Structures are given as structure tokens and as C-alpha cells.
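Protein chains: 2
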Amino acid sequence: MILIKIGGGKKINLNYICEDIKTLTDQGEKVVLVHGASVIRDEIAKKIGAPTKTITSPTGISSVYTDKTAIDVFLMAYPGLVNKTIVARLQSYGVNAVGLSGIDGQLWKGKRKVNVYSKEGVKTKLITDNMTGKVTQININLINLLLNNKYLPVVCPPALSEENEIINTDNDWAVAVMSGALKIEKMVVLFEAPGLLKKFGDESSLIKIVNKDKLDTYLTYTQGRMKKKLLGAKEAFTQGLKKLYWSDGRIKNPIINALKGTGTIIS
Amino acid sequence: MILIKIGGGKKINLNYICEDIKTLTDQGEKVVLVHGASVIRDEIAKKIGAPTKTITSPTGISSVYTDKTAIDVFLMAYPGLVNKTIVARLQSYGVNAVGLSGIDGQLWKGKRKVNVYSKEGVKTKLITDNMTGKVTQININLINLLLNNKYLPVVCPPALSEENEIINTDNDWAVAVMSGALKIEKMVVLFEAPGLLKKFGDESSLIKIVNKDKLDTYLTYTQGRMKKKLLGAKEAFTQGLKKLYWSDGRIKNPIINALKGTGTIIS
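Chains as they are written, first to last, in our numbering: chain A, 1 to 267; chain B, 1 to 267.
Bound-form chain A, shown alone (with noise of 0.2 angstroms):
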């Protein structure tokens, strides 16, 4: 079993992905995909008029202010707009899609992170309608029933919290526990960039090879959605995956490239 999580990047070229989970699927693979659709979620929000937030926390680090109205755009954007375009793209390609986000059937369940505290200038603000929270729980059974019955899951946030509120959460944290839960020894995570890059925005720094012992010498070199991407990848190894492979979601065949060691391979 193949778990595969692309970025929201507009860049991300759909049509290779798909081609790519045709042939694998073809092949016998199990395959999952997790998608994200900050892009076209922060588009929306700005068309509405209600454009995303973030806050920033005392300690430095950022990330989207969810309020009711962030969780009615998120809605539109993931499990509505982007994840049925990605379904029926791999529906185009004879490959029997079906959409999920971590709502249904409990998919992805986490603990709502009740009050956040948010630096503003000087001083530091207590939010407690932010709706937020890391995933802790997958319903594998969910999977199962849909890969043993021929249907490839094609998975995105929100989750579900433990009061079964819509909760936003981090993608790559969600997907890196789902890794855990379904055994998943190969993980490919595509993005718009040629993998791990030594100077950021220079796609001639790939690191080819990186030791998953010494990913948090790593995290020096990333920012901001990286930085995240990192720690999922760190939480992954906890979890048990064997081989991770970060690679680039714009060329041809990028899941068998990445599956060859054109990115960069974690181990």
C-alpha cells in the first residue's frame, strides 16, 4: 500500500498524478491520496470577502485563524471544490475514486486545541473560538472497506473533533498518523518544488538522500509549510514507515519518478 499526499499548489499538474495512480493501480497497488487546497481556500476566502487569517504564537511559530467563517470557506475549498475535481480527474483516468475528508465515517478524529493564545504587538490574546486541533485517531476500517472493494480513497482535512465539532488541523501531521495506523511502509509527499532544497527556492540545492535520524538537523535549512512537512515527516518514522520520498508535483510520471529517487529519499 502506497500512501500519496500532494500539495495545494496550483502548480501540482493533476493530470501526471492521475496517470501515475492509473498505472500503479493497474499494477495491483493499493494506493491512498491525501490531498491539501490552501491556494484555492485562501482564493475563496478572498473572493467572499472574508480573507484568511493567521495568528502568531508566543513562541514565534504561525498558522491559519479558524473561525466559524474559515471553517464554512475550508469546507467549500477542500472536501468541496478541490477534492471532487481531484475525484473525477481520477474518474477521467478509468481509476474509481471516492472522496472522503476526515468528517466522515470519524476518518480523522483529534483533540480541539481549546484556547490558543495569539502575539499581537506587545501583547498576548486568549482565542477560544478557534477551531483547531491535531489528529490522534484514524478509522482504518473506513480504508480497508473502500481499497478491498476496488474504490481508491481520496482523503482531506477537516477532521473531527472529540465533541464531534469540524476542526482544522495539519495535513501533514493527520497524514503522517494515518501512515502509522495503516502500516505504510512507502510514503510519496509531492509538492512544487524538486524535494528538499539545502537553500530555499534554489531547486538546484536537492538534497538527494536524507538520514530520518537527523531530520531535525534539517529543519534549519526549511521554513514555514517545510518546517511542518518536516515534523510529519519525523512523526511518520515514529509511526513506522520504512521510506519517504519527497519529490516534485509539476513533471511527467511523478509518482514513479519519486518512487526511482529523483527527489530526495528519506530513510
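Source of the hints: derived by calculation from the structure; they are not laboratory data. Among the clues, some could well be false.
Since copy identity is lost for identical chains, a pair holds within one copy or between any two.
Pairs of lysine to aspartate or glutamate residues, derived as DMTMM-like cross-links and limited to a Cα-Cα distance of at most 20 angstroms, are as follows [what the hints assert, rightly or not]:
| # | residue 1 | residue 2 |
| --- | --- | --- |
| 1 | Lys22 | Glu165 |
| 2 | Lys186 | Glu29 |
| 3 | Lys242 | Glu29 |
| 4 | Lys68 | Glu43 |
Being a predicted model, the structure only gives us computed values, none of them experimental.
Since the structure of chain A is provided, determine the placement of chain B on it from the hints.
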């Protein structure tokens, strides 16, 4: 097995519906829920500056003009915001719901109507980018797979065309075809009225009993959406339905009351 269809109106009381579904499933009843989202769809369309457009056929029947932008808005509203809101609400009532659009697992397949004629003043215009069609085929295996594993399917449009394009589709017709495919005997349709009304808008003019063979005569009482519901009802009986309950989605115990005959019973 009971098929329940709820309209997209804002006065439909989702909590009351979830309460009844919980009662029914606790009694061992298998339930499939289908929902609309037209009001939310129109709201989102307006907010993003692409309001829902309608076209009128040369024979005078109006329908939504579904171009690429309208499909995007459709995906945001139906399988996105509304479907996931319903799924999460059912989860909070202890019902393990899974949301599906007609795209997922090829649940609803239909033939796209490539050429559509629109009357504009005295002229008739040919429209070729209208993404609509009528559902003809249902993947009952996916529905049964979920039901047999204690998941409650929450279904909504759009559908998938024979060429795997995303198409808008008449929900009432699709529900009728689904009732036939699933060999449903009892169907409950809930909307923002006490049932079929003799006089449009006059809630005291409820018709309690309707003979399924005389549905055509009622077409004269009805307008707009209600006319489509009647045509859907006719088709459902053609496909083998035994009893159809049209009732109020705003009241306490809407489903249990419908089955008791509070609204209109068609048989």
C-alpha cells in the same frame, strides 16, 4: 430501507432530522439521506460575484445555467459546505455518516445534454457549455457496502456524465432513479411546507392523500420546484416505489410524523 430526501431551504431543521434518523437507525432501520443545497449555492454564487443564472427553454421550463464557474460553486456548496455540515451534525447525534456526491465511486451517472436551447426575448440561442444531465445509473454496490458496514450514506449532486465530466442534475429525478435501483418501498421528502398544497403558499390547503395514478392532475396546482418534485414522484412510482411521504422539514420529529401521515401520502 428508507430513502429520505431533504430540500435545500434554510428553514429545514437539521437537528430535528438528525434526531429522527438516530431513532430510526437505533431501531435497525437502514437509512439513505439525500440533500439539496440550492439556497446556500445561490448565496455563495452571489458572494463570489457570479450569481446563479437561469435559462428558459423554448417550451417555457426554466433551469439553472451551469457553466464552469457554476460547477465550481456547486462543488463548494453541495459536497462541500452543506454535505459536510450534515455529516458532522449526524456524527454529533451518534450516527456514523459518510458523505458522497454523485461523482464519488460513480454513484450517480447520467447523460450530459450537450445542446440546450435558451429563449431570450424573441430569439432562441443554442448553448453548448451547459454542464447538466439526467441521472440514469446508480452504483448501488457502494451504497450497500456502506449500509452493510453500519455507515449512513449522505448523498448529494453533482453527477458524473458518461464521459466522466461533472454535471448538474435534477435532484428529484436522481432520487427517483435511486429509489428504483435500491428497491426502496418507502420514501420521505421533507421541505419548507406541510406537504402538497392545493393553493401555492397557503399552508392550510394541504392535500392529505394522493393517488399515485393521478399525479398528473396535480401538476396543475404546482409551480417551479414543486412541479419537478411531482415529475420525480411519478418516476419513482414507475420504478417501483410503494409509498411516498411529502412532509414538513421544519417541525419536530419530521420523519416520524411524515411516516404517521402528518403531511401528504402518495400511494
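Comparing the hints with the structure gives:
1. Lys22 <-> Glu165: between (35 angstroms within a copy, 18 angstroms between copies)
2. Lys186 <-> Glu29: within (12 angstroms within a copy, 41 angstroms between copies)
3. Lys242 <-> Glu29: within (17 angstroms within a copy, 44 angstroms between copies)
4. Lys68 <-> Glu43: both (17 angstroms within a copy, 17 angstroms between copies)
Taken one by one, the earlier hints all hold for this structure without exception.
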